[in-house]
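Please put together the full structure from these sequences, using the hints given.
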Amino acid sequence: MRQTWGSKLGIIMAVAGSAVGLGNFLRFPVQAANNGGGAFMIPYFVSLLLLGIPLMWIEWALGRYGGGFLHGTAPGIFHSLWEKNRFIKYFGVIGIFGPLVIFIYYTYIESWTLGYSVLSILGNYKGIQDQQTMQSFLSAYQGLEKNNFFSGLGPAYFFFLITFIANIIVVYYGIRGGIEKLCNIAMPLLFILGLIVMGRVLTLGVPSPNNPTWNISNGMGFLWNPDFSALLKPKVWLAAAGQIFFTLSVGIGVILTYASYLKKGDDVVLSGLTAVSTNEFAEVIIGSSIVIPAAFVFFGPVGIKDIASSGAFNLGFVTMPVIFQKIMFGAFFGAIWFLLLFLAGITSSVSLAQPAIAFLEDEFRLSRKKAVTIFGIASFIFCQPVIFFLGKGVLNELDFWGGTFCLALFATVETILFTWVFGMDKAWDEIHHGADMAIPRVYRFIMKYITPIFLIIILGWWTVKDGIPILLMRDVQAADKPYILGARIFLVLLFVLLAILVKIAWKNRKGKK
Amino acid sequence: MNTGGIIFVGLSWGTIAILTAFCFYKVFRKKKVN
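Chains as they are written, first to last, in this note's numbering: chain A, 1 to 513; chain B, 1 to 34.
Careful, some of the hints might be misleading.
[What the hints assert, rightly or not] A short, non-exhaustive set of chain A residues, derived as facing chain B with CB atoms under 7 Å:
no.: 1; residue: Gly38
no.: 2; residue: Met220
no.: 3; residue: Asn225
no.: 4; residue: Ser229
no.: 5; residue: Glu280
no.: 6; residue: Ile285
[What the hints assert, rightly or not] In silico BS3-like links for lysine-lysine, alpha-carbon gap of 25 Å or less:
no.: 7; chain 1: A; residue 1: Lys8; chain 2: B; residue 2: Lys26
no.: 8; chain 1: A; residue 1: Lys370; chain 2: A; residue 2: Lys146
no.: 9; chain 1: A; residue 1: Lys126; chain 2: A; residue 2: Lys146
no.: 10; chain 1: A; residue 1: Lys84; chain 2: A; residue 2: Lys507
no.: 11; chain 1: A; residue 1: Lys510; chain 2: A; residue 2: Lys84
no.: 12; chain 1: A; residue 1: Lys263; chain 2: B; residue 2: Lys26
no.: 13; chain 1: B; residue 1: Lys26; chain 2: A; residue 2: Lys181
no.: 14; chain 1: B; residue 1: Lys26; chain 2: A; residue 2: Lys305
[Said to hold, decoys possible] Sample of chain B residues at the chain A side, in silico, Cβ under 7 Å:
no.: 15; residue: Val9
no.: 16; residue: Gly10
no.: 17; residue: Thr20
no.: 18; residue: Tyr25
no.: 19; residue: Lys26
Calculated from the structure, these hints are not laboratory results. Ideal Cβ positions, reconstructed from N, Cα and C, are used throughout, including at glycine.
Shown next, in the form of structure tokens:
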């Protein structure tokens, strides 16, 4: 007997939890500020309507459809859609491979947020007033250098262990008893914490009387004042499409797995849209009101430009802790800021763990205990190179192949498979089965033509712009190349291993028949 | 923040707030159309 969700709100919170991640609060504001400010929202909403929402509905419908055949992961779901094709199930391997690879590095990054939350309360970075010193603090925490803050990886590893074990415990308790319970508590708490931090930032006023223009209104203006000339640049449109892609957790395979635990008559249209809107609330309303405006009022119009171009992680782990030193009750606000990021992280990472576990449960008929044990041991071993070779570019390598390229490839395959191979008429009926609301008919055209074309353009752009330079290791230092090669060998072996497991599972199934 | 910024923040936040409220209203109302 397969597991099911306890309530409709439960799966909405779980999918929204999977979608709301660190990127909502760190990546989105940086992308918007660097790509036309308010004008960025035009390609952003266009991408949401033509790419994000259709993909969300496709994945929910595909997952529920596969669940009806007792398949919770892409190999089985793709095979159910196109039984005559012997190879399509191997394409589905991406839907287990991608989330597993992301889980390997994401859990470690997530553990930094937990660590920083505790260190904020303990006052470990108290008194650090400049970003350079805070950068040293972060580097020492990550084990990239030794200084008077940290002399080794001990604290980071300790918080990694806690984070990893917390993830395993949640998935061990299953869909209803673990993931749904976690998300039903963590998501409302995340919004409360987000609104508290947002409220504090928006009431900062003019913290530096000597610089009256460094105020919160201009801080919001830095992010929202539109630069319409940006709309003429293709890279801005692709940045917006990429942001929609990353923020909604589509193209990974996790929504397929979550939706596979729905019952046949459960709605996917309204639930999918509600998960989208919940994610967008966290991203566009809360995410835009914290890091950029706060950094502006303390570092001014010149400083903020350097900060925004230094990347989302620096903003979260370097700039924000410095800002918290400059406001009253900074330790408290620092702790809840990083706790907010931790909650965003853990609700995403448990979703990344579930496809591999579901694959072992569904295709090998393993008990949840056995499946979680195998997943826990394997992923714990896989995490170690990310932790110990962080400075060698291993994390970035896994992030591109697992967390970027595979996403676009997987989304393209599943969309074409569903709307062309399975057929748009059947796909439309499948999406609307048990629906609580009707989708406008224009989406038949969008799903069949616009979304796949959009995806192919993104896939081509990422391959040419990022994929080829990464593949050729153009920006990699000679000393780091062996580590990058090692990471690639690992990725290839992992993919091959999963493909072999798919072959064995189908062979066993055939034997039983 | 200039007028353009105010318009964009207002439209973006307003659209998302209304969509979120509409979705949750429908979720709790539980009326099937199909």
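Could you grab the alpha-carbon distance between Lys26/B and Lys181/A and see if it respects the 25 Å cut-off? Judged against 25 Å, a Cα distance of about 22 Å means the pair holds.
Met220/A was flagged as interface toward chain B. Is the shortest Cβ-Cβ separation under 7 Å? holds (5 Å)
Take a quick look at whether Lys510/A and Lys84/A sit within 25 Å of each other, Cα to Cα. holds (15 Å)
Between Lys126/A and Lys146/A, does the CA-CA distance stay at or below 25 Å? Given that 25 Å is the threshold and the Cα spacing comes to 19 Å, the pair holds.
Just to be careful: measuring from the Cβ of Ile285/A to every Cβ in chain B, is the smallest value less than 7 Å? holds (5 Å)
Closer than 7 Å between Cβ atoms is the bar; does Val9/B clear it against chain A? Give me holds or violated. Constraint on Val9/B satisfied, holds at 5 Å.
Given the hint that Lys370/A pairs with Lys146/A, test it: the Cα-Cα distance must not exceed 25 Å. Violated, because 40 Å separates the two Cα atoms, which is more than 25 Å.
Should the interface hint for Lys26/B be scored as holding, given a Cβ-Cβ cut-off of 7 Å against chain A? holds (5 Å)
Answer holds if the nearest beta-carbon of chain B is closer than 7 Å to that of Ser229/A; otherwise answer violated. Not OK, violated: Ser229/A not within 7 Å of chain B, min 13 Å.
Does Lys26/B sit within 25 Å of Lys8/A, going by the straight-line distance between their CA atoms? holds (12 Å)
Given the hint that Lys263/A pairs with Lys26/B, does the C-alpha gap stay at or below 25 Å? holds (19 Å)
Status of the Glu280/A interface restraint (C-beta, 7 Å, chain B): holds (5 Å)
Comparing the model with each numbered hint stated earlier shows that hints 4, 8, 14, 16 and 18 do not hold.
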